[in-house]
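Construct all of the structure, not just a fragment, from the sequences and the given hints.
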Amino acid sequence: MRGLAIKDLNKIFSTNCGDVTALKDINLDIKKGEFVTILGHSGCGKSTLLKIIAGLESASSGSIAYGETKISGPGTDRGMVFQEHRLLPWLTIDENVGFGLINESKTVREKLITDHLKMVKLEGFHKAYPHQLSGGMAQRAAIARGLVNNPEILLLDEPFGALDALTRIQMQKEILKIWESEKTTMIMVTHDIDEAIYLGQRIVVMSAGPGKIRSVINGDSYESKDRGSLEFARIKKQILGYFFEEENINPEYMI
Amino acid sequence: MNKKVNNFNVTGLILPLIILLAWHLSVQSGMFPPAILPPIGDVAMAFLNMMESGLLVGDILVSLTRVLRGYLLAIFAGVTLGTLMGTSKHINDFFTLTLNSIRQIPILAWIPLIILWLGIGEESKVAVIFLAAFFPILINTISGMLSTPKGLVEVAALYKLSGWMTFRKVYFPSALPQIFVGLKLGLGISWVAVVAAELIAASSGIGFRISDARSMMEPDVMIVGMISIGVLGVSMDKALTLILDRITPWEK
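Respectively, the protein sequence lines represent chains A and B.
In this text, residue positions in the first sequence follow this note's numbering: the first is 332, and each later residue adds one.
In this text, residue positions in the second sequence follow this note's numbering: the first is 41, and each later residue adds one.
It should be emphasised that the hints constitute simulated quantities derived from the structure, not laboratory data.
It cannot be assumed that every hint is accurate.
[Stated by the list, open to error] Covered by chain A, per the in silico footprint, the following chain B stretches (three or more residues, Cβ under 8 Å):
| # | region |
| --- | --- |
| 1 | 192-201 |
| 2 | 205-214 |
[To be verified] In silico DSS-like pairs for lysine-lysine, Cα to Cα no more than 25 Å straight-line:
| # | chain 1 | residue 1 | chain 2 | residue 2 |
| --- | --- | --- | --- | --- |
| 3 | B | K200 | A | K363 |
| 4 | A | K362 | A | K504 |
| 5 | B | K200 | A | K442 |
| 6 | A | K401 | B | K200 |
| 7 | A | K437 | B | K200 |
| 8 | A | K568 | A | K543 |
| 9 | A | K363 | A | K338 |
What you are looking at is a predicted structure, and each value in this text was computed from that prediction instead of being measured.
Glycine included, C-beta positions come from ideal geometry on N, C-alpha and C.
Pasting the structure below:
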């Protein structure tokens, strides 16, 4: 089955200092059920790319399609989780999780909410307000909201970027588990190299100004999921090489 | 929430007691003649007399009715227009210059023209109160709408919420605390406006009573009228706080 197909995609922002090319000639195919991480500096356009996939932004040229349908706006086949949890402060956790389920009947809604809160281990917090949750818990609720209407793709925009290091590793493990059980296609934007290698079956490395795909690295082997393995270190070194090319030429003789 | 209500702030009572004491002492010392500053006992007597004759309750009811009519109209107009201006740039551009200019005119400057147009009946008082309370409500509603986090609006777009649902679920609850700031300011100004209107042209109401007491040289009646306005204003402000707490349980 066909997944997500991005062809010759460009995005140009008009600012008062002239046009800025945020994304240039992006070509990327993502298979159904795949976990792809997109890695790059802040400002390389990776979040813009994710927003275009979500339908929140439109491309300046090129095409983007999911299956047979062109993406021209948001849709329930795609869920999204942001760096800030973006839960509505005035809604309880279950109302927040059910935010996208307006058209469902009450019983279906409640069952879906309960199931997804259980999935992210937030049972018992149905009636809490977002400000009563810790950062990690709020982000879990956001993941539940992203998955509750059973999207085929979940877009994750640096979802663990604001969490402390230990919580982040915990959340990475949990998102992997959810991915394995739900079979949702996951596309995650991050600037954390370890996270990109640990989670991604493929790692899309982007360069900035204008945002381009630099390389796509295969990170799907068993070893690459072990942070202590040689394979993990090899991929990390390869990625660092892309980002710090100039310094890599002859670091020993610099002094 | 209930804790907040029961937890009455005793510290706030110290200053009123000091003022009462200073008042009492300065009358005792003979610093002011009773015709300028009446003893507390006289004011209390005047209060009891006015309660007994029904005069005070009548005046309060007249003024309160005027305030409520003008204020509720101002809430309706201010929140509606403020919502439109705060969510649509076109509507905002269309109204801002005009409304900002009108806002600069002090409410007292309106009164002669309003009396000319609407006479000295109820309509003119309601109009004065409406004009006074409208702007703080409008401006705070606009600013509440404008400060709605863009990220949350994006979430609504992600789930394809209609314009109306986005307003109900995102803009309105987000703006609510700021709207209430406007409601409180508007309420305070409503009392200013009603008394100003009644001082100038009226034959009833608290403002009229105070002005009438001036021509009769009854400072005790004036003070009863003033204190009544203060107590009423504080009570209504408190009521608004309680309503806000009730309808925004997510705010700590």
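Q | Numbers of the earlier hints that this structure fails to satisfy, in rising order | A | none
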